[in-house]
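I would like the entire structure built from these sequences, with the hints used as guidance.
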Amino acid sequence: MKLYSTNNPNHIVDLEEAVFKGLPSDNGLYMPTEIPTLPKTFFENIEKYSNQEIAFEVCKALFNGYISDENIKIIIEKSVTFESPAVLVENNIYSLELYHGPTLAFKDFGARFMAQLMAFFLNKRESNINILVATSGDTGGAVANGFHKTKGINITILYPSGKVSSVQEKQLTTLGENITALEIDGTFDDCQKLVKTAFLDAELTEKLNLSSANSINIARLIPQSFYYYFTYAQLKKLGKPLVFSVPSGNFGNICAGMIAHKMGLPIHHFVASVNANDTFVKFLQSGNYNPKPSVETLSNAMDVGNPSNFVRINELFHKNLGEIKNHVTGYTFNDTETRDSIREIYDRTGYMMDPHGAVGYLGLMKYLKSEKDDLIGVFLHTAHPAKFIDTYDSDLKPKVEIPKALEHLDNLEKVSIKMKNDFNELKKYLLN
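Note that the numbering used here has the sequence shown beginning at 215, numbered continuously upward.
Hints are computed from structural coordinates only; laboratory data are not their basis. Remember, it's a predicted structure, so these values are computed and weren't measured experimentally. Beta carbons are placed, not taken as given, at the ideal position from N, Cα and C, and that holds for glycine. Warning: the hint list may mix true and false statements.
What the hints assert, rightly or not - Within a straight-line C-alpha distance of at most 20 Å, the following computed SDA-like cross-link-like pairs (lysine to any residue) qualify:
hint: 1; residue 1: K496; residue 2: G519
hint: 2; residue 1: K262; residue 2: P480
hint: 3; residue 1: K363; residue 2: N423
hint: 4; residue 1: K365; residue 2: I343
hint: 5; residue 1: K476; residue 2: I343
hint: 6; residue 1: K338; residue 2: D283
hint: 7; residue 1: K377; residue 2: K363
hint: 8; residue 1: K365; residue 2: L422
hint: 9; residue 1: K377; residue 2: E627
hint: 10; residue 1: K363; residue 2: K580
hint: 11; residue 1: K580; residue 2: A490
What the hints assert, rightly or not - Label-pair distances were calculated between CB atoms; the ranges are:
hint: 12; residue 1: P455; residue 2: K634; range: 27 to 37 Å
hint: 13; residue 1: N625; residue 2: E537; range: 12 to 22 Å
hint: 14; residue 1: E639; residue 2: P455; range: 23 to 33 Å
hint: 15; residue 1: H622; residue 2: Y643; range: 28 to 38 Å
Here is the structure:
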């Protein structure tokens with residue numbers, strides 16, 4: 215498997231270098247030089263495969279012999295350990311529940327796989343690495359949990375002070391050991407910029423052996439493509455085309471689905487459902503990509519004004535706006551619409567959504583109303599509602615089930631290091 219930089223197609227590296235560097239030195243993103251197509255027989259029989267068998271076939275095709283079949287199976291057996299059920303909410307509308315992992319968020323898929331992949335490479339290298347990651351909420355907890363006590367890997371998580379839920383904050387600030395949380399006085403975009411600047415700093419990269427666990431790292435996108443295949447395997451029997459509505463912030467999740475589509479997975483259309491941070495929707499409307507400062511919303515994990523993975527989507531569709539619009543439609547929704555949809559769906563069906571899933575649901579319904587075809591709609595429900603208990607009205611809060619995985623957090627003490635939005639301060643801290 216070979217990967218190139220989106221800023222320089224002649225800059226080509228192997229998978230191991232792409233995973234550990236995270237970001238090319240030219241500030242591009244790594245993309246596969248070739249995206250293989252899975253055989254038709256795989257899709258004809260996919261409902262007979264287990265999730266681990268599906269993940270194996272996807273990795274085997276992508277890695278193209280770079281990692282042995284035996285080692286791929288070991289990585290998958292240790293990381294693909296929980297389900298992602300497609301739950302019927304109402305007629306032809308399914309919620310893809312991606313919150314059945316240890317931190318109750320979809321990013322458990324990427325973080326656990328990435329931890330096992332890095333551990334495999336580190337076992338050969340016999341060296342240590344320092345992972346620097348920015349989070350708008352769920353990434354931090356998933357990475358902290360996925361890499362906790364992993365030998366040879368130290369994790370530093372940057373998160374925006376006061377802009378993640380109390381549950382999310384506890385998940386990324388209470389593990390200790392090899393996990394450090396930096397509470398930044400700024401937004402997620404500020405945290406992301408600090409991380410990217412660190413990767414472009416020659417002194418830091420030379421002394422610290424830096425790597426990333428954000429969706430800028432290709433090792434995150436590969437496992438996030440798995441559950442699109444899992445969903446197709448579950449719903450194939452219905453015999454109707456699938457539309458996926460993806461609540462989108464940094465656009466890694468929807469980009470992973472697009473990679474699966476490029477590999478042959480039958481997906482009728484994508485919907486990029488966003489909150490007030492509507493940079494991508496404005497791009498679809500005008501053809502101009504104009505990043506802007508992020509806006510704080512109920513669906514905080516999507517509060518991204520400059521989505522990193524936009525450049526990957528642009529690459530997948532040859533920087534052709536018409537081709538992008540043929541495959542993805544974008545809609546934006548405000549907090550009032552989000553709150554109203556949570557209540558309306560619960561009152562009508564008894565199904566409880568988190569704010570991110572609600573945005574995904576809204577986008578899906580808006581798209582389906584414009585279509586005449588008989589379609590199956592799937593919205594990605596990316597986090598358990600209990601992670602955002604503070605966002606619900608007082609009469610809805612008691613109806614949110616609190617999973618056992620969250621109960622213990624109340625007794626844990628938050629440990630974070632407060633820091634200004636200043637790269638020099640971050641660099642000094644990291645070097646010391």
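Verification of the hints:
Distance hint between K496 and G519 is fulfilled; the C-alpha atoms sit about 11 Å from each other, no more than 20 Å. Among the hinted pairs, K262 with P480 is consistent with the structure: their alpha-carbon atoms are about 17 Å apart, no more than 20 Å. Between K363 and N423 the CA atoms are separated by roughly 18 Å; this keeps the pair inside 20 Å, and the hint holds. For the proposed pair K365 and I343, the alpha carbon gap of about 10 Å is at most 20 Å, so the pair holds.
Our distance criterion of 20 Å between C-alpha atoms is broken by K476 and I343, whose separation comes to about 32 Å. Restraint check for K338 and D283: the C-alpha separation of about 17 Å stays at or below 20 Å, so the hint holds. Between K377 and K363, the direct Cα distance comes to roughly 27 Å. Violation of the 20 Å bound is thereby established for this hinted pair. For a cut-off of 20 Å, the pair hint linking K365 to L422 stands: about 16 Å separates their Cα positions.
Of the supplied pair hints, the one linking K377 and E627 holds, its CA atoms being roughly 18 Å apart against a limit of 20 Å. Between K363 and K580, the direct Cα distance comes to roughly 44 Å. Violation of the 20 Å bound is thereby established for this hinted pair. The suggested pairing of K580 with A490 holds, with an alpha-carbon distance near 16 Å, which does not exceed 20 Å. At roughly 50 Å, the beta-carbon separation of P455 and K634 lies outside the given 27 to 37 Å, and the hint is violated.
In this structure the supplied range 12 to 22 Å is violated for N625 paired with E537, their Cβ-Cβ distance being about 52 Å. In this structure, E639 and P455 break the distance hint of 23 to 33 Å, their C-beta atoms being roughly 51 Å apart. For H622 and Y643, the Cβ-Cβ distance of about 29 Å falls inside the hinted range of 28 to 38 Å, so the restraint holds.
The structure shown violates the earlier hints numbered 5, 7, 10, 12, 13, 14.
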